[in-house]
Amino acid sequence: MVAAMELIDLKKTIGNKEIIKGLSFSIQKGEVFGFIGPNGAGKTTTIRMMVGLMSITDGDVRILGNSIKTDFSKAVREVGAIVENPEMYPFMTGWQNLMHYARMTPGITKERVKEVIHLVGLEKPIKEKVGRYSLGMRQRLGIAQALLHKPSVLILDEPTNGLDPAGIREIREYIRKIALEEHVAVIISSHLLSEIEQMCDRIGIIKNGELIAIQAVRENVEASNQEVALEQVQIEATPVDKAINLLRTNHEIEAVRNDNMISFRSSKEAIPKLIETLVKHQIAIYQVGVSKVTLEDKFFNLIGENTIE
Amino acid sequence: MSRFFKLVFNEQFKIYIRKSTWIMYIILAGLIIGNAALTNSFDEPNKYTDDNWREVLEEENKLLQQDNDTYTQEMKENDQEVTEDDSYLQFNMTEIEKNNYYLENDIQPHSYGAWQFVLDNAMLLSVVSLLTIIIAAGIVANEFRWGTIKLLLIRPISRSVVLLSKYVSVLLFALFTLIFVYVVSLLVGGVFFGFEGINPSIVIEKNSAFTDVSMVSEVFSAYGYSIVNLVMMTTFAFMISVVFRNSALAIGVAIFLMMSGNTIVAFFSDRDWAKYILFANTDLKQYASGTPWIEGMTLSFSITVLLVYYIIFMAISWIVFKKRDVAGH
Ligand SMILES: Nc1ncnc2c1ncn2[C@@H]1O[C@H](COP(=O)(O)OP(=O)(O)OP(=O)(O)O)[C@@H](O)[C@H]1O
Ligand SMILES: [Mg+2]
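Protein chains in written order, with the working numbering: chain E, 77 to 385; chain V, 2 to 330.
FYI, nobody ran anything at the bench for these hints, they're computed from the structure. Don't take every hint at face value.
Quick list of in silico lysine-lysine cross-link-like pairs, DSSO-like style, CA-CA up to 30 Å [unchecked claim]:
1) E:K205 - V:K20
2) E:K93 - V:K20
3) E:K190 - V:K323
4) V:K323 - E:K145
5) E:K253 - E:K105
6) V:K323 - E:K203
7) V:K7 - E:K150
8) V:K7 - V:K286
9) V:K20 - E:K150
10) V:K20 - E:K226
11) E:K145 - E:K205
12) E:K318 - E:K253
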């Protein structure tokens, strides 16, 4: 099956600054792909090239096999997008805005326009001027606009930007619904992993114009990595120094001290053995906590905590 | 074709849904009505309608001649030279000659009416140019300002066609506005002064002789000649708007050039290249009535120069719009 969207060694140079340094990945229909990176990583630039707003310096973007460079109309016919903010004509109503874009692609009926309005739940304010819409309403209208022509790929650049937690939750809910009902490949960019992690099937992490990791979400961290599954273990124990020493000498574990807590990573199977060692050496244990290594932890490790807002 | 029609419809929709456009039309209508009221209070409308129109004309001539005589007298008393081509004398003499033409050819002059009013309102075409420039300056720049350009260019339509639909929309706006001025002038003129008839004739001076021509054709030629300037300045503003994505800049530069065009030509008129200045060529009327501004210019020369400018304006607009990376603001 041909990929909904495929990036082939995509590069962008502006002036003599290389902003995108060769991105390659593909996204299938029905998949929700999270495109994560800190500010200035190159998410928006990549998206602009995906939809033909920016010229491609090198490489290519294929949508259902059609190159956006050489087969623009055919390729872009299959794309719906919001790039950066969901900007609409403020002096027109929601309905007039949608009809405006509907006229630009052949075969969009009024019924289809009504259908997408229903899908994003904008029936009530659709006859009002967009200038009076809240940011959340404009986000929805932006998504409606992107879905009008039943695209195979839906690209949303920071759809959660500026939304309150309730708004973010709503977007999350109907993006999964859209991916399912409209059977599209969805690409969502964000600089906050936690905001979109739950609605994504896969996450691509971009930093300084380079893709530094691609990660499946649902199958859990351990399954996609061939390495042994690791758990985050926290133990409250005294004396702390002695406990850390014991772990290092007996189990080759580098634990970190935090007051009376020591934390480290370990496989689940090894935990009883570790505790046995500590107890044998007269360490007093008050509590033991075990938690999964989250994607967020992994993300922090990959790009460094400071670069995330 | 119907796709392109829909694009043009979209652009027209975006122009006419905005209040600022309607304010333009209200101002235009206000100017026309104000002009009619002003004309009404200065002219006595029905002076030639009675059977004694010949006497009225002769009386007018007598008064004009008297006026000229007193003027010459006064100037002499003040020890000032008066020549034949003194503009004050000339103006009255032209009126006298015109009246004589009516008398000799036994044509009853029309009283001031709607058609004459429409003809007088040809001067409003500079206001139409101004409004069209404002529309042309905004039609691309505003999409960038609103950020909607991004959604406009990710449709299965090439950028050239999107731009063409915008350019055609500007010209349509000019056409509609011209028709508006024309129709409103005719109606307002009709209400204030009455109609002269279906196709009245008017006596005008042509190549320093008088002839009578159809008023309607005179109206069309007056409007027609102004369209050259309108299209050129509009296309220029459109280009500036595409290149700099700034409507205020496009309006400012285009209007400044429109206002100062004649001055620019006059300033450089002794240079060889003065005849290649756009504004030396926009007034094609110079070939129909009288001599061209600069010696050696012909109608075909001007049309060639205009075409070259036009093609340059269009080429720059299209190339820049097609190549541009749409990013940020
Ligand atoms: N026109 C341009 N000229 C030069 N540099 C540019 C231009 N546009 C973007 N950049 C640079 O490219 C880099 C990537 O920008 P981009 O907007 O793609 O980042 P982003 O990942 O979308 O960030 P954010 O999370 O802030 O939206 C930035 O460092 C930016 O400074
Ligand atoms: Mg961005």
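Do the hints match the structure? See the list:
1. E:K205 - V:K20: 13 Å, holds
2. E:K93 - V:K20: 44 Å, violated
3. E:K190 - V:K323: 33 Å, violated
4. V:K323 - E:K145: 13 Å, holds
5. E:K253 - E:K105: Roughly 14 Å separates the two Cα atoms, so the pair holds.
6. V:K323 - E:K203: Roughly 34 Å separates the two Cα atoms, so the pair is violated.
7. V:K7 - E:K150: 19 Å, holds
8. V:K7 - V:K286: 37 Å, violated
9. V:K20 - E:K150: 37 Å, violated
10. V:K20 - E:K226: 34 Å, violated
11. E:K145 - E:K205: 36 Å, violated
12. E:K318 - E:K253: Distance of about 53 Å is beyond 30 Å: violated.
The structure is inconsistent with the numbered hints 2, 3, 6, 8, 9, 10, 11, 12, although it conforms to all the rest.
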